[in-house]
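**Student:** Chains as they are written, first to last, in the working numbering: chain A, 1 to 295; chain Z, 1 to 295.
Honestly, the hints are just simulated from the structure, not real lab data.
Among the hints, a few may not be true.
The list cannot tell twin chains apart, which means a pair is met if one copy fits it or any two copies do.
With a straight-line Cα cutoff of 30 Å, these simulated DSS-like cross-link-like pairs (lysine-lysine) come out [as the list claims (entries may be wrong)]:
{"hint": "1", "residue 1": "167", "residue 2": "104"}
{"hint": "2", "residue 1": "245", "residue 2": "45"}
{"hint": "3", "residue 1": "239", "residue 2": "98"}
Here the structure is a predicted model, which is why all the values come from computation and not from measurement.
There are 2 protein chains.
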Amino acid sequence: MTFSLSSWSAGRLERVEQALSQWVPADAPAGLGEAMRYAVLDGGKRLRPLLALAAAESVGGHEEAALRAACAVELIHAYSLVHDDMPCMDDDVLRRGKPTVHVKFGEAQALLAGDALQALAFELLAPAGSSIPPAVQATLTRLLARAAGHAGMAGGQAIDLASVGRKLDEQSLRRMHRLKTGALLQASVMMGAACAAPGEAVESALADYAWAVGLAFQVVDDILDVTADSATLGKTAGKDAANDKPTYVSVLGLERSREHARELLQQALDALSRSALADVQALAALARMVVNRDN
Amino acid sequence: MTFSLSSWSAGRLERVEQALSQWVPADAPAGLGEAMRYAVLDGGKRLRPLLALAAAESVGGHEEAALRAACAVELIHAYSLVHDDMPCMDDDVLRRGKPTVHVKFGEAQALLAGDALQALAFELLAPAGSSIPPAVQATLTRLLARAAGHAGMAGGQAIDLASVGRKLDEQSLRRMHRLKTGALLQASVMMGAACAAPGEAVESALADYAWAVGLAFQVVDDILDVTADSATLGKTAGKDAANDKPTYVSVLGLERSREHARELLQQALDALSRSALADVQALAALARMVVNRDN
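Make the full structure from the sequences, and use the hints.
**Tutor:** And the structure:
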């Protein structure tokens, strides 16, 4: 029987949405909870949570730990979008087809909501009175903090900021994306893996898989920015070109970018074979989805 | 021999400054590290680190854990000041006698530096290959995340934001400060305590101590905002009154505020007696310093 990603995803997405809805507070003071929920709920493809859950299942990881890891990476992703959209950064007004958080709630509340979402991500990873082994909680915290911080996502955003209007070569572009988008995508997979202790060989293969998927994700993002329209994307298309931001398409051209995405997919699938894990169908299907998506 | 807070503090402050200088990266990409270091190093009274270290010493806690906890709370405090000073929040240009981070580095870099400092705080708490028991790492993560997030500091800032130009009664004011400032001060003490496992009775007494010190800190802050000048404070004096923000002085008046600070100090000292800990001199001296400071 062939593997169906949509069947596999359906139940997992439901669990993630339920958990996020339970954990992102409705009752935080003075409208903060409302802004946090607006930023997180009912939106996005949930690629990072699905990667975390698929990786955890492939190694037989602790189930509650996996769900918490999945939601925590999504909260970091969501907070980064809130801050990224603010006027002092990308100044974007549309996200997932809705007004961005600062347009809806004001800049100050958007800033605070992003800050509170980051704190909540770490709170999820260290619950009181849980059956998650403390060593797993500590490892998840370490992986997420590194991926979110100066040597990961925030560092990549700083490079992005400094690169507007400048010509980057492929190597610099790759470094920026490895940090800005790749680090958190890779952390999603590695946090899933850390819900068990699969050993170095498996971790190394999954890290290679995650690296290739993360880079492919960004290459495809750049392709879609020039080939898709805003309605399909749910965000402003052509934004990078308009902002004179370097992209894979501007550096490699459209055809070579598409070819590069296919090469990265093959690298991701090869890494899964190398892992020798029995159950990697969901991870393989997610890699294919990342490359073949149209939004 | 009488206890000297300045002698006690000297060596601890040096350790904290060295550790912060080592852990806050100089080499983060594209100027991000420079902005992070500017926000953290050579500034501030380091009250939170000193509280964490004093609490850890009073219970005989793990030394490396205590130093990491001390630096982590300071990073959260520093990031909150960076974001708080931004134009969409308090729009302040002076902090610790220097231009604020967004004035010096631009708003986008200030936003990212704050975000990266928050991530770094959690990274410090979960080091790889350390002798800190994983259960201690997880507890520290939980305490800090709760204190920083929607049910703590960020929640208090949201109330603060919503309260500008509105009359708050003493109860609402107390709730705002309990979250905005009190939660992180309390976490400093409780994280120090969590570097050992001192038992419920001690934790409860230290929580009472920390609660009283946190509230006293804010009452004294409000007093100094009207009685001190900008040069002594190292930040803009009279700011709250100018912004029509509710303060203890505007609600209780100056004399009753001073009296209240003295009452809170007594509550803090009583809680230390109740803890039955042998070595609470540093904690007692820090409480006195909070109430008697002039900046």
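**Student:** Would you mind marking each hint as holding or not holding in the structure?
**Tutor:** So, going through the hints one by one against the coordinates:
Taking CA atoms no more than 30 Å apart as the test, residue 167 paired with residue 104 passes between copies only; the shortest distance there is 26 Å, against 34 Å inside one copy. Proximity of residue 245 and residue 45 under a CA criterion of 30 Å is satisfied intra-copy only: 24 Å inside one chain copy versus 42 Å between copies. In this homomeric assembly, residue 239 and residue 98 come within 30 Å of each other (Cα to Cα) only inside a single copy, at 16 Å, whereas the closest approach across copies is 36 Å.
Hint compliance for this structure: every hint is met.
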